[in-house]
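J.: Okay, here's what each chain looks like letter by letter:
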Amino acid sequence: DAKTTQPNSMESNEEEPVHLPCNHSTISGTDYIHWYRQLPSQGPEYVIHGLTSNVNNRMASLAIAEDRKSSTLILHRATLRDAAVYYCILSLGSNYQLIWGAGTKLIIKP
Amino acid sequence: DAMVIQNPRYQVTQFGKPVTLSCSQTLNHNVMYWYQQKSSQAPKLLFHYYDKDFNNEADTPDNFQSRRPNTSFCFLDIRSPGLGDAAMYLCATSRDRAGGRYEQFFGPGTRLTVL
Chain A
1 DAKTTQPNSM ESNEEEPVHL PCNHSTISGT DYIHWYRQLP SQGPEYVIHG
51 LTSNVNNRMA SLAIAEDRKS STLILHRATL RDAAVYYCIL SLGSNYQLIW
101 GAGTKLIIKP
Chain B
1001 DAMVIQNPRY QVTQFGKPVT LSCSQTLNHN VMYWYQQKSS QAPKLLFHYY
1051 DKDFNNEADT PDNFQSRRPN TSFCFLDIRS PGLGDAAMYL CATSRDRAGG
1101 RYEQFFGPGT RLTVL
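Going down the list, the protein sequences come from chains A and B.
Reminder that position 82 of the first sequence reads as 82 in this note's numbering, one-by-one numbering, no gaps.
Remember, this note's numbering sits 1000 above the position in the second sequence when you count from 1.
Worth flagging that the hints you see were computed from the coordinates, not collected in a lab.
Any given hint could be a false lead.
[Claimed, not checked] Derived Cβ-Cβ restraints for the label pairs, each shown as a range:
{"id": "1", "chain 1": "A", "residue 1": "A63", "chain 2": "B", "residue 2": "Q1014", "range": "29 to 37 Å"}
{"id": "2", "chain 1": "A", "residue 1": "N56", "chain 2": "B", "residue 2": "N1070", "range": "36 to 44 Å"}
{"id": "3", "chain 1": "B", "residue 1": "A1086", "chain 2": "A", "residue 2": "A63", "range": "21 to 29 Å"}
{"id": "4", "chain 1": "B", "residue 1": "Y1010", "chain 2": "A", "residue 2": "S28", "range": "25 to 33 Å"}
[Stated by the list, open to error] Which residues of chain A face chain B? A partial, calculated answer using Cβ under 7 Å:
{"id": "5", "residue": "Q42"}
{"id": "6", "residue": "D82"}
{"id": "7", "residue": "S91"}
{"id": "8", "residue": "L92"}
The beta-carbon is built from N, C-alpha and C at its ideal position, and this holds for glycine as well.
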């Protein structure tokens, strides 16, 4: 079964880059890798997604390993507003399902 | 701004008393989802509508039902809430569901308390 594994929590200093890892060794060739984040008492917010190539958008970058069994979400310059739970998710190419990881709680220190 | 709206943000009900949560969207998306999220857990999909086609997850209790009267609105009905149904309920939409490419847009959630 598809599954993602993430660290429970990470700490980073404000204005420094943050690298959030995710393992998804059971990924299939058509599964997309999605990242969402959830601030306290809010709904999840889409961050970025990709299939094989690295992706950049205004919020973050997604680095995908060549074998696709792991990926890293990169926040280039963390701010206090980036403190949230970050979910690494497989969006299955075979159907509509999202396979959610347990999430990494990101703590930003001023 | 186009968005997903959930009402109410907080709902208190009594054990066994039916409750309805509502969701509306201005994104004109085909797919609407309902998730249940308990404390410190990832959201769990209950069911979704692809246009008018209802899709129930295999492990969603019969106590939970949904209605989608039109593209914009979707309702979650809990027929007889138990204490274990206290949770955050999240509505989400996506333009399509096929192939993993489409991101989901979430509402702010409704926190349900069962007394």
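J.: Compare the structure with each hint and give your call.
T.: Right, here's what the structure says about each hint:
1. A:A63 - B:Q1014: 29 to 37 Å: Since the Cβ atoms of A63 (chain A) and Q1014 (chain B) sit about 50 Å apart, the hinted range of 29 to 37 Å is violated.
2. A:N56 - B:N1070: 36 to 44 Å: Hint holds: Cβ distance 37 Å, inside 36 to 44 Å.
3. B:A1086 - A:A63: 21 to 29 Å: With Cβ atoms ~39 Å apart, the hint is violated.
4. B:Y1010 - A:S28: 25 to 33 Å: violated (40 Å)
5. Q42: holds (6 Å)
6. D82: Interface hint status for D82 (chain A): violated (18 Å vs cutoff 7 Å).
7. S91: Nearest chain B Cβ about 4 Å off; hint holds.
8. L92: Since chain B brings a Cβ to about 6 Å from L92 (chain A), closer than 7 Å, the hint holds.
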